[in-house]
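Participant: Here is how the chains run, residue by residue.
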Amino acid sequence: MANPASDNLFTCKHLRSKEMYYQADQRDGDQYSGGAYWCAKNHESFGPDGGVVERSECTPDRTCFQE
Amino acid sequence: MAKNAWPAADKRDLIGERISRLDGPVKATGHAKYAYDMNRPGMLYVRLVWAPYGAAKIQSIDTSAAKAIKGVAGVWNEMNEGDEIVHAGQIVATVAATSEEIAQEAWRAVKVAYEVKQPQMNDTVLENADEKEQRDEIPDAATVDKAYADAEVKIDGHYGLAPITHCCMEAHGQFAEMKDGDQYIWPSTQNVSAYAAGLTDAAGLPASQIHVDCQYMGGGFGSKFSSDQWGAICSRISKETGKPVKLMLERDQELMVAGARPSAFANVKAGATKDGKITVFDSTCWGSGGMGTSRGLGVPYVFGNVPNIRRVARNVRTNRGSQRAWRAPGHPQACLVTMAALDDLAAAANMDALEFFLKNLDLTERPDVYREELQIAADMIGYKEKAHLRGDSGDGPVKRGLGISIHMWGGGGHKSECNCTINPDGSVSVALGTQDLGTGTRTVVGIVTAETLGLPLKRVQVNIGKDQYPPSGASGGSTTVGGVSSSSRDAATNALNMLLEKVAPSLGVPVDQLEAWDGKIQVIGDPSKSVTWEKACSMLGQIPITGKGSKPTSDGTELDNSGVGGVQMADVSVDTETGRVTINEFVAVQDCGLIIDLKTAESQVYGAMIMGVTYALYEEAIYDPITGRMLNADMEFYRLAGLADVGTLKVHMMTGPGYDERGVIGLGEPPVISPGAAISNAVANACGVRVPTLPLTPDRVIAALEQGGKLA
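Chains as they are written, first to last, in this note's numbering: chain A, -7 to 59; chain B, 734 to 1445.
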């Protein structure tokens, strides 16, 4: 299953996924993965602004975005 | 020179044998110390005040009564008046006290007033999905529609899995204390090397001044990668008060907020030729991971080369605790949806399910492996003797049936660094910042090091679980065994080569003609020209040597690999009067490349099968649609399988030529993928109707029998 947003490099510094802790390439390459991202700021699957946390969503246009 | 490559089968003394865990005795006797076992004089106990509603607005927080209680060290607001609650279990305030009892009293004394709102808890209907979060793949809609219309055999089915939790036996949490300006942390984590980085803001310290130690932990299953909000609170209070602090979640909060597997539901239209070749798989999937996102399912699972595929995926946001990666994220759900739909297709074609699966293996990436595994599993469970077409299970209320599922996983090793030190007295230690989740990682590192050095396992001191050791990746994605076996093999080989350089002159041969074997350094294949290990190490003089290893290895040798397949078959009985499902026999056949420790590998599979029986038959997080609160957030009504529930379990590991030479591949996740599908298919085979949603509780079985007209 394609994940076109996986190439987006302008993601928030608080974005986390488990793959970041063990994959050299930290983009999510598993098409079967459920996409379990979380925000390291509030440790939830939604950000401080209430929006969803995902690589394609945690972008500079969010009020909670941090470089 | 010793080489990194894994030794040939006839040169393996330990690798591939059944070896008990190094830490088995300390765990069995209670000497193993977990985070909760940490106690210090003057320690503070923390309780978290959590929101009891799925959707609400905080009107007021009154901590005055709690602060007035003698022995309370502090009360902190974690949220404020006017803040919105979006799931039950969110942390509103924190109390710290000098005893658990006082902390409990203060916890009760904190008064929070809420404006309660209506939560959105229903994820079972597609209409509740968020249109903005759709992820559709419709390469050629007209072609898919035509393929389904033209199919000689077709099904239109609905499948699903309820949300479940991680339900770790050891709750999330940590112990923290300050010493000489640094902070020392004993957490329950599957991510030792990177844990401290999550606490820097809370502790007001750089990661270099936060020291992590996790020797033992009681299960993570994907939920313990982060230090979490409670870890940050624990660190903050320890820094602020200067006291040792213990913060472990209570069981109810553990189940509400410390990890959940997203639900998944799917409508599937699938078609085949009349002789059973799959021609089309058209799915609409949805599910909920709480207020986050749920990406949808990669279906058809394993059979990815079906000629006509359409996927429509939607996300449903619900007011429940955030999802976390749950052992093989997304795979059990995709597996259930696919294997159940294909099993229904086989039944529609009036075909034996095994014949149907075998016939379509060319639609998978590893048909030869699955074919061999299916045949072994069939022999193990007595398929020929027991098999029957769906529902053709004789008279009487108790029906018996068989079910099949196949699965896949990656499992390549993660990055890892390791030091192996050989001392002049002959002692050996190996150190790396990995963690043992109970899977046998400590034992694997010891086996690889001992094998490399030609020593008995007991001669190697394995040091793991501290972030002061060379960093290793988190234990996720079944990447640990490939990573740590590579780095420890590399480190031990490099250390051995340094030793061989010292020994070679005394044996009068070049280094490349020496080997370590059976407690000696000897000329290859000639024990008569040797020195004992102790004598060899004494040639180091007074200075120990340390070999450094890594994954990727220092000489580029690839010791791990990726890509495994497995087959599982279940034999169940269904009481059509009560709806009760009983597991008679359950078999698993699994490949994972070169196996380091056969005993712990088999143990991983047994554990996964038990976990799989649990989510297939019992496990479900049930939420109150009015308050949004989890109704069974305890160990009484959130039911896990016991020994009496799992039936006879049989495991077969694929080893030997064709498998061993692939290198080491992770095993933690793959065997937990198929149980739901295999058991669901067995129930359908037994009672003649599909019970669409897991867990297969008696009420769901009875409802399916009623709707299918098959009630006894």
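Derived from the structure by calculation, the hints contain no laboratory data. Yeah, the Cβ is synthetic: ideal placement off N, Cα and C, and Gly gets one too. Watch out, some of these pointers could steer you wrong.
Claimed, not checked - Derived DEER-like restraints, expressed as beta-carbon distance ranges:
#  : chain 1 : residue 1 : chain 2 : residue 2 : range
1  : A       : G42       : B       : L859      : 21 to 27 Å
2  : B       : A846      : A       : C56       : 41 to 47 Å
3  : B       : L1364     : A       : C56       : 46 to 52 Å
4  : A       : G42       : B       : L1331     : 47 to 53 Å
5  : A       : C56       : B       : E1310     : 28 to 34 Å
6  : A       : G42       : B       : W809      : 56 to 62 Å
7  : A       : F2        : B       : P1358     : 35 to 41 Å
8  : B       : G1442     : A       : F2        : 54 to 60 Å
9  : B       : E860      : A       : D41       : 25 to 31 Å
10 : B       : W809      : A       : D41       : 46 to 52 Å
11 : A       : C56       : B       : R1104     : 38 to 44 Å
12 : A       : D41       : B       : A798      : 42 to 48 Å
13 : A       : D41       : B       : N855      : 22 to 28 Å
Participant: The structure should be examined with respect to each hint, and the outcome stated for every one.
Facilitator: Hints and how they fare:
The given range of 21 to 27 Å is respected by A/G42 and B/L859, whose C-beta atoms sit roughly 23 Å from each other. Remark: the range hint 41 to 47 Å for B/A846 to A/C56 is contradicted by a beta-carbon distance near 27 Å. Checking the proposed 46 to 52 Å range against B/L1364 and A/C56 shows it is violated: the Cβ atoms sit about 32 Å from each other. In this structure the supplied range 47 to 53 Å holds for A/G42 paired with B/L1331, their Cβ-Cβ distance being about 50 Å.
Taking the beta carbon of each, A/C56 and B/E1310 are about 55 Å apart, not inside 28 to 34 Å as hinted. At roughly 23 Å, the beta carbons of A/G42 and B/W809 sit outside the given window of 56 to 62 Å. For A/F2 and B/P1358, the Cβ-Cβ distance of about 39 Å falls inside the hinted range of 35 to 41 Å, so the restraint holds. Here the CB-CB span from B/G1442 to A/F2 is close to 57 Å, well matched to the stated 54 to 60 Å.
In this structure, B/E860 and A/D41 meet the distance hint of 25 to 31 Å, their C-beta atoms being roughly 26 Å apart. Checked against the hint of 46 to 52 Å, the pair B/W809 and A/D41 fails, with Cβ atoms roughly 23 Å apart. In this structure the hint that A/C56 and B/R1104 lie 38 to 44 Å apart at CB is violated, the actual value being about 51 Å. Checked against the hint of 42 to 48 Å, the C-beta distance between A/D41 and B/A798 comes to roughly 34 Å, which is inconsistent with it.
Between A/D41 and B/N855 the beta carbon distance is about 25 Å. The supplied range of 22 to 28 Å therefore holds.
Comparing the model with each earlier hint shows violations of hints 2, 3, 5, 6, 10, 11 and 12; every other hint is respected.
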